[in-house]
Each structure stands twice: as C-alpha cells, then as structure tokens.
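Protein sequences, first through last, are from chains V and H. Take the first sequence: its letter number 11 is residue 587 in our numbering, and every next letter is one higher. Take the second sequence: its letter number 165 is residue 178 in our numbering, and every next letter is one higher.
One should not assume that every hint holds.
Only part of the chain V face toward chain H is listed, based on derived beta-carbon distances under 7 Å [what the hints assert, rightly or not]:
#1 Pro815
#2 Leu817
#3 Gly903
#4 Met951
#5 Lys989
#6 Leu1019
#7 Arg1025
#8 Asp1028
#9 Gly1030
#10 Leu1031
#11 Arg1060
#12 Ile1062
#13 Trp1064
#14 Pro1067
#15 Thr1068
Treat the hints as calculated values from the structure; they're not laboratory data. Built from N, CA and C at the ideal position, the CB exists for glycine as well.
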Amino acid sequence: MAHGPATLADGWGKYISRWVFTTNHKDIGTLYLWFSFAMFIMGGAFAMIIRAELFQPGMQLIKPEFFNQMTTMHGLVMVFGAIMPAFVGLANWLIPMMIGAPDMALPRMNNLSFWILPFAFAILTSTLFMEGGGPNFGWTFYAPLSTTYAPDTVNYFIFGVHIMGASSIMGSINIIATVMNMRAPGMTYMKMPLFVWTWVITAFLLVAVMPVLAGAVTMMLMDINFGTSFFDAAGGGDPVLFQHVFWFFGHPEVYIIILPAFGVVSQIIPTFSRKPLFGYSSMVYATAAIAFLSFVVWAHHMFTVGMPIAGELYFMYATMLIAVPTGVKVFNWITTMYRGSLTFETPMLFSIAFVILFTFGGFTGMMLSIAAADMQYHDTYFVVAHFHYVMVAGAVFSGTAAVYYWLPKWCGKMYDETMGKVQFWIAFIGFNIAFMPQHFLGLAGMPRRYADYGLQFADWNMVSSIGAFMYGGAQILFLFNVIRTIGWGKPTDDPKVWEGAEGLEWTVPTPAPYHTFATPPEVK
Amino acid sequence: MLKRAQALFLGLLGPVIALAIAGNVSAESATRQLNMPQGVTEVSQAAYDIHMIMMWICTVIGIAVFGFMFYVMYAHRKSRGAVAANFHENHVVELIWTIVPALILIVMAIPATTALLKVYDTENADIDIKVTGYQWKWQYEYIGEGVKYMSELRTSQDEIYGRAPKGEHYLREVTEPLVIPTGKKVRFLITGNDVIHSWWVPDFGVKRDAVPGLFTAAWAKTDQPGTYVGECTELCGLGHAFMPVVVEVKEEAEYNEWLAGKKAEAAEYASTIGKEWTFDELMVRGEDVYNRSCAACHQADGNGIPGVFPALKDSPIALGAKEGHIAVLIDGVAGTSMQSFADQLSEVDIAAVVHYERNAWGNDVGDVTQPIDVLNYKQGQ
C-alpha cells in the first residue's frame, strides 16, 4: 500500500491539495456527493422561495420576473447540480468496490470531470446577480423565449450547460471504461450488482444524448449572437424544432436520473429482506428496454404542439409500452420482499417509499401518455406533481437511502437510527402534503410556472407550501445526521455492517481503506 | 416503531384534513374541484372519460400491488420470526407479469385512440376564429367577418400586488371575452406572435400551443351557454400567469346581435380616425394604454428593468423625433422582445401611448401625436 491521504494534521495546504489534485475514486466520490448536496440545498432554497410566493394568491414577496428565474434555476440546479452529480458520486465510490477494481479506469479525467462542475454552476448562478437576471425561460428553455426574448445572460447559461455536458460525458466514459476493463476475475457481466448495470446503461444514455443538448444550446448561441435562424420562424427556422431536439435529449435525461435510483433500490431491498434480488436477469433486460424506449418517445412532451395525428398515435403507443418493463421492475422488488425476513432500517424505509411513490408517479405517467387526456393535463400542476413523484420520491429518496446505507462503510461510523427514521417520516409526509394536492390543482386547471393564480386554487396551494416547507426541513435534519455521523457517530468495524448485505464492497474492511482491491479478488 | 410512526403520521395529517374541511365550508363549490372537469363539448367529455378509465385501471392495479406489498411488509417481518426463503427467479411468474400488463395496454389503446380521433376532427367547421398569442394577451379574429380585437387581463395591478382587495374573478377576467354561438362547430386556428403561448379552455378540452410561424387547429361545439375560463399554459415570459382566456357562449341570436355590434363598432372607428385630439385627452388615454400594454416590461414609472427592458424615461427615442418613436411601435425592434404593435393597438391607441411616453415622467417634449400621424406613417411604408 502506498501513502495514505493527507489529513488536516498535515496542514491546510496539503489537505486542500489532496482534494484538488485527487485521483482517488473515493475522494472524488466524496467531492461529488458534497457538491450535489450543496446544490440540493441551493435548489431547495429556490423551491422554498417559489412555494412561499405561492402560499397565497397575489404577488407578495417577489416579482413575476424573479419568480420565473426561480422556477428555471430550481429545475436546472436540481437536475444538473443535485441529482446527476449525486449518482456520479455514488458511482465513483461504489463501482470500483463492487466490481473488485482498485480505482476508476481514467483517474485524471475523473478529477477533471468533477472540478469543472463547480465552475459551471458558479457561472450559472452568477447570472442571478447580473443586470437582466438569471435564466427565466424554464429548465426546458423553449425557443424563442430563450433566444430572441431572453436576457443577455443567456450566454452564460449556454456556457454553463456546455461545461456540465462535458463533465457528464467524461464521467460516463470513465464508468463505461471501468466496467468494461476492470472487473475482477470471475466478475462476469451477469454477476455485476444491479447498481453497476443500471449505471453502465445510464452512462451509454448520457454519452448518446449530452451531445444533443450541446447541439441545442449551440444552435441557440448561433441564433442569439450570429444571426442564424434555427428556431426563428421569421428567418425560416422552426420553434418546434427546438422542442424536438430538446426532448430527444430530455426524455433519456429523465431516465438518466431514475435508472441509477433503480440500481440503488435493487441493492438495498435484498439486504433488508435478507433474500437475493428476485429476477436479476429480467431486471437487467428491463433496464435496457427502458433505456431503448427512452430514445423513441420524446414527442410525448409535445402532444399539444400540433403534431399530425399519426405522430401523436405513434408517440402515445410507444410511451404506453414503457409501463411494461417498469412494471417488471416493481413486481421484482416486491417479490424480493415476499417471504423474506424484513427489517425496516432507514435505508429500507426510503427504498419502500421509493417503490410506492415511484409507482404512483408511474401511474400518473401512464395517464399522461394518453394523448387525448394529456390535452388537459399538459403543462398543468398535474405534470408538476407527476415528475416530482418520480424525481423526488424516486431519485432523491433513493439517493438518501444510498447515503444511509453506505455511509457506515464509507466512514466506519453508524448514523443515528432514530434520527434517520424521524427524518424519513417528516420527508415522506411532507413530500405527500406538498405534491399530492398538486394533482388536484392541475386537474382543476392550474397551469405550471404560474407566479400567481386565481382564488379557486388558494387552499391547495397553501397546503402544498406547508408540505414543501416540511420536506425542506427534513433535509436540514438529514444534513445534521450525516455530519453528526461523520464526526461523532458510533464507530463500527464490521465489514458487512448490515446482516443481509451481499457484494464485494462489504468484504473490504470498515471503514473502507483509501485503496481497496489493489490485488483483484476472485469472484466465484 | 411502526405504532409510533402511525401515531406520528396521523398526528401530522390531522391538521391538514381539518384545514381541507374548514376550507370546504367557507369556499364556494368551484374552489373544491379535485377532478378534471367534464366540460361542455364532445372533446372535453372524451378526455374526461379516458381520464377516468385510466384512473380506475391505475387504482385497481395500485390496490392489488400495494395491498400485496403491505401484506408482505406485515407478514414477513423479521420481528415476527420470518425466516428468509432463498428463491430468486420464476420464469412463469415473470412471463405472466410481462404479458398481462402488455395486454391491458392494448385494451387501453383502443379508447385512447378513439378519443384522439375526436380531438383531431377539425374538418367542416361553421365558424373559423384565428387566435393569436401575444405577450401577454390574446387576439381573436373572426375570419371573413372583419372583426378583430384584443383580449387582455382586467384585474388591476393593485389587486395583484395586494394594494386593493382581490375581486371575485381575480385573474379570471378580461377586457373583452371571445364570444361564440351555441350549436355551431367553431374551429380555432391558433398561432403565436412573439414567443410560444398555449391556448387552453378546460371546459372545451381544447389546449393548443400558439407557436409563431405555425397554425394549429382545434374545435369546439357546445349547446350550453355560459362563461368558460381558461389560461395560457406555455411559459411565455413574466406575464405568463396574467393572460387568461375567457370565452362566452351565447345563443345564436344573441351571438349574431353581438357580431353585428362589433362590425358597427369597427365601421364607426374608421370614420373617427381623423378626429383631432387634445393634449390632455391623449394623456389620459395614453396612460391607460401604457399600463395595459407597455408597463409589464417598461414599468409604470418608465424606468424599465435594467439589462432587460430599456427605460423610456429620458430615452433618446422618446425625446427624439415623433416619427422615429412611432416607427418603434409600428415596426418593433428586430432581434429584441420589442414587438410590432401595429396589429395589437389601434391608430388612436398608438398615438395616445406615444404622446403619453413623450410627455410623462418628466419627458417634456410638449408635442402632440395625433392618430392621423400614425396612419400617415403606416401608409408611408
């Protein structure tokens, strides 16, 4: 074993250099996780501003102009700053340990792919303090609102998106290279933990669609600054083209967010059921099927744009198909629990909540796939409720579960179980109070991205805001619990940590040493 | 733990339910709407029906799946002495739960397709109305009738910013609603002028994006007179929440009367365009037009929003030649969000607002802009 990592005892200079120049997958994973948590708090603060303004009808706290910046920044920061880096962080920490590799295949690129991210978000958020304000055209930034009609700061937004895209592509290439080349002897593809599988498939999605996003923002850049008319009807372009390009990226993007979450839950449920994952191979095939379908359903986000009926029908049928592989996954998780020996530690609670609430979001997703009904749902709070059920109760819940599940392995200390459970219940209840009423609001006719609303929507908006503040409060408890664990948690040196845990990461000592699997393990 | 959790859950849910019930007593029934409206057209009914079918299918599947899951969570807990089995696959079961959902989907696809065909049945309309989305108002044009007008939010800024009590129709009232007759198939041809908007009337089941450079079609036919309120549903800038759609459905005779009135109005306007207006008349009218059509961007005090919308106070255009100022309103400014107002405002309104901008907030140019100046500029083009 080589030298250990610099600690604070070696002085601040060395300690900071360690993090800046690190090529260690665990350090980089840690950086990603803390960064994403910081972004999660920031994006959450934006959400709190939104919900505070919507607490009552009328404009009380902010102006509509700033409200639009908040909805836009909330979406961008949560998708690109919080959720995606959180899963890249988990991938960095876990994939080498799960496949018996000493590190990621491309450690220097790993360092680069992380360290450009803070700059991307510094550029993006700095626009809030500039003349003209931040991006105000929604996270979907439809042209021409984001081109001809955008504030000048849109150029910073474009540059920021380019950097995030580069970071994601590098991260993905690294994961693909690691999994393809660095599996321990005997670790065949069909023996890989499901988290690794979902991440490989996600990485391929990322490599395929991030360049499409880069293309979309580059065309915007050209339209704004260099006189082209890709998206300007007056110059022979087409605003609808933007939406096709955006959603060709955007739909796979939502699966990029949810697939690693599937992977996490597929690790945790077997552990606390003390029973192997049911239907491993069908899980792998279902993941691949979902990934494939994600490329061919994009225009279901555009049912009201005036597509010909043949297009509508095709995108409707293709979208409905996604329910099949997704159903397979849900059935597999539940059957894994069936005849197990269940305990309900915090990670398991979050995972079970994930299964229930994600499935609920899947149901509303199926309703949204029906084009004729979508004419009523489209761009209302029904959609907002739908995607928060899959993004928050899906991706964020599973990310929280993952932190609780692997934290003892990472730092050799146990978190406070009671505090974890309290956090879970506050988060679970707060989440449902926040987002369940939004279904009603949407069906009753409240459009999304509204800074103000008619009096008939007042009650449910107030309920929703109360739930949102509750959910926000739960995150402070989460942060507190994590810091408390790292600083003052009860030490543990049990390599398995959890009675039912299976997999290579549970064979290394606890806490996981700085370098693991310098000699590859044999997998039988 | 579960007991405690249950208590906690109910304890926290209690106030919310109480709040909901309390609200129920005080508020009118419309505010309590939880479900999609059935609406008053064939299309809205079709959307509602397929929505309900889907909701029931999902409910049944949900109860079955979650019911089983909760049974498992209860029966197979370690604390009850459950010992884990070791099975991890069963091809028959896996095949069944792949095929059965697929079959359900095929069954669902049939009503979903029928409903969509109804939405797209826009042929053979009796009346064609062109709907154009503007930042942040709607324009309705009765094709072939020579009737065209703007429909803007009527709720005052004071109500929005809490300086006056909110009226009963807060954000659901417009200067002039769209009017259609009962019993006629009305086709809406929807487009956008600047950015993308979306024209939605829930009770008609009509929602179509208003895309610049593209026409989309939708239709409605209803026998139920009344006022139907909708919204703009595509983010279109800072006035997105402030451009409602209001449609009045009238009996045919009443509608014809209304249409004749609108035509007469248009003819009368054309005859008075040559009138000479006084300085003060124009200031009063100009301020009104300004607050409705310009203040959202350039602000009521003429200071604009730095970096986004230029100030008009002390601006070279407002202080410069009259013709240049009129030109900005008629032609817009290419490559910016300053659009052309030639189709949105009448000559009188343009003259009044130009006059106002040149003589308000300390812009003391002192000249008078007459409607005839605007007309001359338009004809000179």
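Classify the hint on methionine 951(V) as holds or violated, based on whether any CB of chain H lies nearer than 7 Å to its CB. Holds: closest Cβ of chain H sits about 5 Å from methionine 951(V), inside 7 Å.
Status of the proline 815(V) interface restraint (C-beta, 7 Å, chain H): holds (5 Å)
Can you verify the interface hint for leucine 1031(V): is its Cβ closer than 7 Å to any Cβ in chain H? Holds. Min distance 5 Å.
Does arginine 1060(V) pass the interface check with chain H, least Cβ-Cβ distance below 7 Å? violated (20 Å)
Quick check on isoleucine 1062(V) please, does its C-beta sit within 7 Å of some C-beta on chain H? violated (25 Å)
Given leucine 1019(V) as an interface hint, is its Cβ closer than 7 Å to any Cβ of chain H? Holds - the Cβ of leucine 1019(V) comes within 7 Å of chain H, reaching about 5 Å at its closest.
Does leucine 817(V) pass the interface check with chain H, least Cβ-Cβ distance below 7 Å? Violated. Min distance 11 Å.
Would you check whether threonine 1068(V) satisfies its interface hint, that is, whether its CB is within less than 7 Å of any CB in chain H? Constraint on threonine 1068(V) not satisfied, violated at 20 Å.
Verify the interface restraint on glycine 1030(V): the C-beta must sit less than 7 Å from at least one C-beta of chain H. holds (5 Å)
Aspartate 1028(V) as an interface hint toward chain H, with CB separation required under 7 Å: holds (5 Å)
Per the CB criterion, is proline 1067(V) less than 7 Å away from chain H? violated (24 Å)
Hint check: is the beta carbon of glycine 903(V) less than 7 Å from a beta carbon of chain H? holds (5 Å)
Going down the numbered hints, you'll see the structure goes against 2, 5, 11, 12, 13, 14 and 15, while the others check out.
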